[in-house]
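Engineer: Fit chain V to the supplied structure of chain X, relying on the hints for placement.
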Amino acid sequence: MNPAPYHELLAERFTRHVPHIHELGIEMVSIDVERIELRLPYREDWLGDVVHRLIHPGVTSTLIDSACGLAVLARLQNPEPIATLDLRMDYLRPAVADLPLHCEASCYRVTPHIVFVRSSVWQSAPEKPVALSTAAFMRSTTSKKRVI
Amino acid sequence: MSNPFQIARNAARQHQDHAPLLALMPYARFLGVRMTERDGKPCSHLPFRPSLVGNRSIPALHGGVTAAFMENAALLHLLLAMDETRVPKSIDFAIDYLKPGRAEDTYADCDLSRAGQRVAHVTVRCWQRTPDQVIAIARGHFLLGATE
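Line by line, the protein sequences are chains X and V.
Quick note on our numbering: the first sequence kicks off at -2 and runs consecutively.
Quick note on our numbering: the second sequence kicks off at 203 and runs consecutively.
Derived from the structure by calculation, the hints contain no laboratory data.
Nothing here was measured: the structure is a model prediction, and the numbers come from that model.
The beta carbon of each residue, even a glycine, is placed where N, CA and C say it ideally should be.
Keep in mind that a hint or two might mislead.
Sample of chain X residues lacking proximity to chain V, with all beta carbon distances greater than 12 Å (derived) [as the list claims (entries may be wrong)]:
#1 Y3
#2 L6
#3 P78
Derived CB-CB ranges, DEER-like [what the hints assert, rightly or not]:
#4 X/E41 / V/E306: 24 to 30 Å
#5 X/A1 / V/D285: 54 to 60 Å
#6 X/D83 / V/E306: 18 to 24 Å
#7 V/V321 / X/P97: 28 to 34 Å
#8 X/V107 / V/D313: 32 to 38 Å
#9 X/T108 / V/L314: 34 to 40 Å
#10 X/V93 / V/S204: 21 to 27 Å
#11 X/A122 / V/Q218: 31 to 37 Å
In isolation and in its complexed conformation, chain X is listed as follows (with noise of 0.2 Å):
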């Protein structure tokens, strides 16, 4: 099955009918089985110190929350719920103002109910990461209420 259909109504739902993605903004730049990358243009309400001129490490969270449920969704290739178990970020350096984030998130390990997943967050490059997180998500069959 060529999987590039269900991708790009995932994108599509994603981007235009999640309600905070929407109102924040976040783009897809590319979606397939292994990995997804979102980028979140620059906004002056993104920034947590205004007189430092950094941005929240909520804004890097959030955009990370983000990029790893739509990376499991990516990988399972077939829309069901899922739960965040857990995240954990670990932030490496400052994410500054006037640059936009990008979030790259791939899975590492799936398992009947459990999807293992890890992402990385820069600005002017990705060999120069501003956070890197893992995240445990649940996948629950019993629900028939939609994905997103």
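Structural biologist: Relative to chain X, chain V alone:
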């Protein structure tokens, strides 16, 4: 000479006016965070609005919003409890989601588990409706006394 964080902290401590502190953190204002007191401790309050939703079918708060709100609560807690002259830098942050956040107002309070010379450890509890209805717990390390 007072720095902006000291001035804002004094307004919060002496007049329970948290607006100057929140004004230094545009992303906290963007989320709509308010500060209250509960049992003599600072308590962060996130009034619900539809654009904070991450899953419309439940509907549930975006997991990233919960994480960001809790990280912000930890930062505000440090700014109020200590005498930092800038927003402490986040080192790491780990969140465990206990249940989905409903489309309702959300609250968070913090404990300063350890404040060393350089590093503070903060735990955060996030709930809805009543403090025993915990939706997430988190902990983070923050760098203190960072130089300009």
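Engineer: Look at each hint and say if it fits the structure.
Structural biologist: Hints versus structure:
1. With a minimum CB-CB distance of about 18 Å to chain V, X/Y3 clears the 12 Å threshold, and the non-interface call stands.
2. Non-interface call for X/L6 relative to chain V: holds, since the shortest CB-CB distance, roughly 16 Å, exceeds 12 Å.
3. Not every CB of chain V is more than 12 Å from the CB of X/P78 (nearest about 9 Å), against its label as outside the interface.
4. X/E41 and V/E306 have their C-beta atoms about 29 Å apart, which keeps the hinted 24 to 30 Å range intact.
5. In this structure the hint that X/A1 and V/D285 lie 54 to 60 Å apart at CB holds, the actual value being about 56 Å.
6. Checked against the hint of 18 to 24 Å, the pair X/D83 and V/E306 passes, with Cβ atoms roughly 22 Å apart.
7. Between V/V321 and X/P97 the Cβ separation comes to about 30 Å, which falls inside the hinted range of 28 to 34 Å.
8. For the pair X/V107 and V/D313, the beta carbons lie near 36 Å from each other, so the given range of 32 to 38 Å is met.
9. At about 37 Å, the CB distance of X/T108 to V/L314 agrees with the hint of 34 to 40 Å.
10. The hint said 21 to 27 Å for the Cβ distance between X/V93 and V/S204, and at roughly 26 Å that hint holds.
11. At roughly 44 Å, the beta-carbon separation of X/A122 and V/Q218 lies outside the given 31 to 37 Å, and the hint is violated.
Hint violations for this structure: numbers 3, 11, all remaining hints satisfied.
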